[in-house]
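Colleague: Letter by letter, the chains look like this.
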Amino acid sequence: MTPRTFIGLGVAALSVALVWGLQGAAGKPHNTSRAGSLGPVVDDPKEALEEKRFQDATAGLDFTGSAVRVTAPVRHDRTKALAAYKAGERILATENVWFTAVGNFRDAVVADPSYAPAFEAMSRAFLLEGDVEHSEKALKAALIADPHFDKAQFSLGLSRQANGDYEGALEQWNALALRNPAYPDTYARMSIASYYKHDYSSAWKYLDEAQRRKQNVPPQFIPLLKEAAPRP
Amino acid sequence: MRPNTMKHLLLLAFAVSAACVYAQDPIMGGQLRMSVDNASNSGDETSGSSSLDGSEIVGGFNDYRTDGTIKSSFGVSSDGGQSWAQIVLRPPVQNQTTVEGDPMACYDKRTNTLFAGAMAFGSNGGIYIARKNAGQNSFSTAVMARINGSVDKGWMDAGPLPGNPNSTRLYITFNQGVIRSDDLGNTWTAPFSLGSGLGFLPRVGPNGELYVTYWDTSLGIKFRRSLDGGQTWSNAVSAATRLATWGVQNYGIPGNFRNPPIHTMAVSPTTGDIVIVYFDQTNVVNNQRNLDLYLTRSTDKGVTWSVPARLPYRNINTVSDMIFPWVEFTREGRLNVLCFDTSRTPNQTDGVAAGFWDQDYFYSDDEGANWSQIFRLTPNAFNSFNDGRNAGTSFMGDYNGMGIGARHVYPVYLDTRTNQAEIYTNKIINRIEIPSTFQWLRGQQLGGNLQSLFLKDGNSATAKPGLTLTPGEPPIQLVTTTTGIVNTTPSVLSVWMWSMVNTPNIEMQTMMQNINTQNWDVVDVRPAPQALTNIVVNVPNPANYITPGSGTANCRVTWKAVGPVPNPNWVATVDQNVLVLDP
Numbered sequence: 000m001t002p003r004t005f006i007g008l009g010v011a012a013l014s015v016a017l018v019w020g021l022q023g024a025a026g027k028p029h030n031t032s033r034a035g036s037l038g039p040v041v042d043d044p045k046e047a048l049e050e051k052r053f054q055d056a057t058a059g060l061d062f063t064g065s066a067v068r069v070t071a072p073v074r075h076d077r078t079k080a081l082a083a084y085k086a087g088e089r090i091l092a093t094e095n096v097w098f099t100a101v102g103n104f105r106d107a108v109v110a111d112p113s114y115a116p117a118f119e120a121m122s123r124a125f126l127l128e129g130d131v132e133h134s135e136k137a138l139k140a141a142l143i144a145d146p147h148f149d150k151a152q153f154s155l156g157l158s159r160q161a162n163g164d165y166e167g168a169l170e171q172w173n174a175l176a177l178r179n180p181a182y183p184d185t186y187a188r189m190s191i192a193s194y195y196k197h198d199y200s201s202a203w204k205y206l207d208e209a210q211r212r213k214q215n216v217p218p219q220f221i222p223l224l225k226e227a228a229p230r231p
Numbered sequence: 000m001r002p003n004t005m006k007h008l009l010l011l012a013f014a015v016s017a018a019c020v021y022a023q024d025p026i027m028g029g030q031l032r033m034s035v036d037n038a039s040n041s042g043d044e045t046s047g048s049s050s051l052d053g054s055e056i057v058g059g060f061n062d063y064r065t066d067g068t069i070k071s072s073f074g075v076s077s078d079g080g081q082s083w084a085q086i087v088l089r090p091p092v093q094n095q096t097t098v099e100g101d102p103m104a105c106y107d108k109r110t111n112t113l114f115a116g117a118m119a120f121g122s123n124g125g126i127y128i129a130r131k132n133a134g135q136n137s138f139s140t141a142v143m144a145r146i147n148g149s150v151d152k153g154w155m156d157a158g159p160l161p162g163n164p165n166s167t168r169l170y171i172t173f174n175q176g177v178i179r180s181d182d183l184g185n186t187w188t189a190p191f192s193l194g195s196g197l198g199f200l201p202r203v204g205p206n207g208e209l210y211v212t213y214w215d216t217s218l219g220i221k222f223r224r225s226l227d228g229g230q231t232w233s234n235a236v237s238a239a240t241r242l243a244t245w246g247v248q249n250y251g252i253p254g255n256f257r258n259p260p261i262h263t264m265a266v267s268p269t270t271g272d273i274v275i276v277y278f279d280q281t282n283v284v285n286n287q288r289n290l291d292l293y294l295t296r297s298t299d300k301g302v303t304w305s306v307p308a309r310l311p312y313r314n315i316n317t318v319s320d321m322i323f324p325w326v327e328f329t330r331e332g333r334l335n336v337l338c339f340d341t342s343r344t345p346n347q348t349d350g351v352a353a354g355f356w357d358q359d360y361f362y363s364d365d366e367g368a369n370w371s372q373i374f375r376l377t378p379n380a381f382n383s384f385n386d387g388r389n390a391g392t393s394f395m396g397d398y399n400g401m402g403i404g405a406r407h408v409y410p411v412y413l414d415t416r417t418n419q420a421e422i423y424t425n426k427i428i429n430r431i432e433i434p435s436t437f438q439w440l441r442g443q444q445l446g447g448n449l450q451s452l453f454l455k456d457g458n459s460a461t462a463k464p465g466l467t468l469t470p471g472e473p474p475i476q477l478v479t480t481t482t483g484i485v486n487t488t489p490s491v492l493s494v495w496m497w498s499m500v501n502t503p504n505i506e507m508q509t510m511m512q513n514i515n516t517q518n519w520d521v522v523d524v525r526p527a528p529q530a531l532t533n534i535v536v537n538v539p540n541p542a543n544y545i546t547p548g549s550g551t552a553n554c555r556v557t558w559k560a561v562g563p564v565p566n567p568n569w570v571a572t573v574d575q576n577v578l579v580l581d582p
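Taken in sequence, the protein lines are chains A and B. With the first letter of the first sequence counted as 1, position 224 gets the number 223 in numbering that gives the first Met the number 0; the numbers rise by one all the way through. With the first letter of the second sequence counted as 1, position 271 gets the number 270 in numbering that gives the first Met the number 0; the numbers rise by one all the way through.
Note that these hints are calculated values from the structure, not bench results. Positions of the beta carbon are idealized from the N, C-alpha and C atoms, including for glycine. Among the hints, erroneous ones may be present.
[Claimed, not checked] Here are some, though not all, of the chain A residues that point toward chain B, as calculated from beta-carbon distances under 7 Å:
| hint | residue |
| --- | --- |
| 1 | LYS45 |
| 2 | VAL69 |
| 3 | THR93 |
| 4 | ILE191 |
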């Protein structure tokens, strides 16, 4: 896997500045410093490679907001969007080349920004590189294009949980469960998120609903919940 | 097999039954540095493999060079880890790039060949492979297994084609699928896609079964298999569903390095069972997310999988993490695990820049039902921030590696104690030598599995008295032959047994065949215990009983009545019979 730290790039300058500050205040390196290496951050060739791939694949898109925004001239061509979307899905299904797939999905949303599945697929392409931040922005764009896009909303819940935001995850899954209670595994995920936030009564309630609906509850979860809190 | 004292891990009592028993702990060697080249800033992403006798070892890692490039280096030893060289493995000139890495290694026991490979990232790059030159700290010229600018994260393995033990097929799995070679890596097929996922890891089973596991980048730990050498594949099955998932990001650990939930798999050479070990978020304690290791096992070649079991190395109410497990089986079926661990620096805060970690080793002799104590590999906890890369966030390499050879285990891991990420190993010597044959010389087997006596697995072999040829000859006699013992002059040689009889007044003798006189020397006489008992017989003058060259040792255990026997239907039961050696 090629290291790529888009998330880290923004944090890098802040971290180094903090280290300098701590060193200056204490007169010696803080234990968070890189001993002997408090100079400026040098370019990591892996990160540079992946950054170039990212820039090439996302030209015409803006990721500065909470959701992906198309900045390239829009064509409103659904046929072209579908063709690019299918090409991207083929890359995802066979070759797992994230930047090629993202490029295809970029072409699809530039062709038709209202085509929500292309944004959702773009989110999965980013996940191939483990890039949760940009994946989430693509999911939000998918939900802007289609607020009733169940798959995107379920995935947005997972993304929120990956950021430690259990409340945000539950918010997404609750909305999904209200709209489409039959969507797979929503209640199972709500049970686990509730368990993580120590809301055990809700965890049990959602677990019962998940089991009633024969959802995929990881079997290793149930003993953990029992150990944390007996069934109310 | 003796009960482990578990001095270091009282926590284990929380989850493991009191009746559990453990095998002989290995001899733990100290840290040995593999990255001995001073032209490096840092190393990470490790991979390792070892020859059958453990004398030849390669351990690969990403190598951040002082010239600003990244290359794939291998720590190489041809003398059982006593001395090391660091070799930068490059692809052919026309395929070289400024970013090369993601090392991989494997071993083919039929041809006694070690393979090393890596990826060149760039439009002219791809996957390149070389063979270690036997006995030398060098590699053959690398060849391109795949020329493609989009290759990413691969691993490799080697083994026989199904039904043809005299063949070798090499496999590399990576983001674009699986490729294979039938000429020891000289030429390769085009990729066969394995679907969407990340971290495709191949493992070859004892009869040439090809197994691949990978992460679907969401909640699924997926598994596919091919029983025809990679030509046709099963559909993906779910080996486990994660409790939590995250990306290639920092998640729930002290330190700001990324810890993607990549997992690992191994196949037992004795049972053919498959285990997958992964890390997942168990709970949240004091606002800290706790990541633990989980194991799931398949006893039917990956069709069905057990409920994932949390490895019992943390009191569930304390704050600590285990991540980046790597697992390999040794030939006798011991499951070896290497991982990062914060338990010696407890109560750290998630996400802080400086995380303090150790690298740990532990093992299981029953595919995860019971576990050994933890053996600490790093002398002190290391600060993950001091990786030497000068980047804004630290990088610990995403996974560990391990090489296995004979009784030797070589974990391959990083440690930042020099304020750089350097690559280390330890020589871990499994002290057990498994007999290659077990047979009743006298007596009649009533039940159990004679051929599983290399394991203390409860599957005891039971024999009743049989015909004897001379008066006074013991009517039950078990003979074992052990071959391929590497160290034929050990300081200590023990016969290690679990045994019992069901009546009093039975005498048990242990004999070893003297290589100088060919006589059977009696090395131990005792009343046979009437409950399953661990018997350890220390053999005097070990060199008298191991044939140089072949490394063969013959052992005989006998049972005979030496007084009134109340139970005329008496039997002898044996659950394990192995040799244990110290260097």
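Colleague: Now, for every hint given, state plainly whether the structure supports it.
Modeller: Okay, the hints, checked on the actual structure:
1. LYS45: 5 Å, holds
2. VAL69: 23 Å, violated
3. THR93: For A/THR93, the interface hint holds, since the closest Cβ of chain B sits about 4 Å away, which is under 7 Å.
4. ILE191: 6 Å, holds
Against the hints set out earlier in the document, a violation occurs for number 2 only.
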